[in-house]
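Turn these sequences into a full structure, and let the hints guide you.
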Amino acid sequence: MLEARAKINLYLEVFPRVSEGYHPIRTLFQTVALSDRLAAEEIESPTVFSAHYDPDLTFHPELQWSDGNLLYEAFEAIEMAIGHPCGRWKFDLQKRIPAQSGLGGGSADAAALIRWLSRKFGLNPRTEQAVAKQVGADVPFLLENGTALGEGNGSALSPLPLLPPLPVLIVQPPFTMSTAKMYEQYDHIVSKSAHALNGEGEQSPQSPLQVYEALKSQYPVDSRNDFEAVAWEYYPEYRVFLNFFSRLGKDEGSEDPSILLKRMSGSGSAHYIVFRSETDRAVLAHYESVCRNHRCWAVLTRFSGGVMV
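Residues in the sequence shown are numbered from 1 upward in steps of one, following our numbering.
Treat the hints as calculated values from the structure; they're not laboratory data.
Hints may contain errors.
[Unchecked claim] Straight-line distance between alpha carbons at most 20 Å, and here's what the computed SDA-like set of lysine to any residue pairs gives:
(1) K181 - E237
(2) K90 - E62
(3) K192 - F15
(4) K181 - A229
(5) K192 - H23
(6) K192 - E62
As structure tokens, this is what we get:
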């Protein structure tokens, strides 16, 4: 059984599209223990694929063994890299990471398959990373896991020492956001304002490394995700959700001292709350219950990293 861990973006700055056709980003990646599971069994008949969603997940897009499924694209890319077929397989994917959430579920699944097939066929790390970059911008990080700065399209990585296994509550509102659509809407905002979302020359409250150092020391910290402004501009339902989410942990204007960081992950729609390591389990369960009672999907997990096989 292959494990495919989700990721969150502890910081995400987006820049206008460049001539190569992508938007450069500056981000702080972190993997969490929430994961999909992929079972693989060699068979004699042609390769078959099935996907099963956790009953708690509310959005179940159909996955086919074809282009558009990053698992399929990873399988094809490995075959190109080794120069011969990988064989015939029965793949069964257990989805626990919500789709269109900004948690990198499809990329995580692809990374898990690339990692496993690379070991099976003896690919060297450089070729393995090249395959990952071919499949998707988030795949190289999810191939490595842990904590890392990401630049360029997200695949230029600077690994960092692992952060503590801090508790995280991941919350997805009852709607999703398309990454492609979010970038399209980002372009529209930038074209109207003639500068990036944060304003000409304006600086973020913290840099990615400052966010990293604060979380390493378990200090509360402000961060950034430029897609929050896009969602606020184009999704009325997001404004309702953010009004609820931003009030979590606040009592008469003061923030719960157990909370270190609250942000959107990736292009949404999932958000997360990072807590101090000593936060009582009952407190964590309370926040999870409040979010579920607000018609959100919510799950408690933790920062995770290290070598995966």
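Does K192 pair with F15 here, judged by a C-alpha cut-off of 20 Å? The hint holds at about 15 Å.
Would you check the hint for K90 and E62, treating anything up to 20 Å between C-alpha atoms as holding? 17 Å, holds
Quickly compare the C-alpha distance for K192 and H23 to 20 Å and report which way the hint goes. With a Cα-Cα distance of about 17 Å, the restraint between K192 and H23 holds, given a limit of 20 Å.
Sort out whether E237 lies within 20 Å of K181, counting only the CA atoms. 16 Å, holds
Verify the proposed pairing of K192 with E62, using a straight-line Cα cut of 20 Å. Not OK: K192 and E62 at ~36 Å, beyond 20 Å, violated.
Between K181 and A229, does the CA-CA distance stay at or below 20 Å? 14 Å, holds
Consistency note: the structure conflicts with earlier hint 6 alone.
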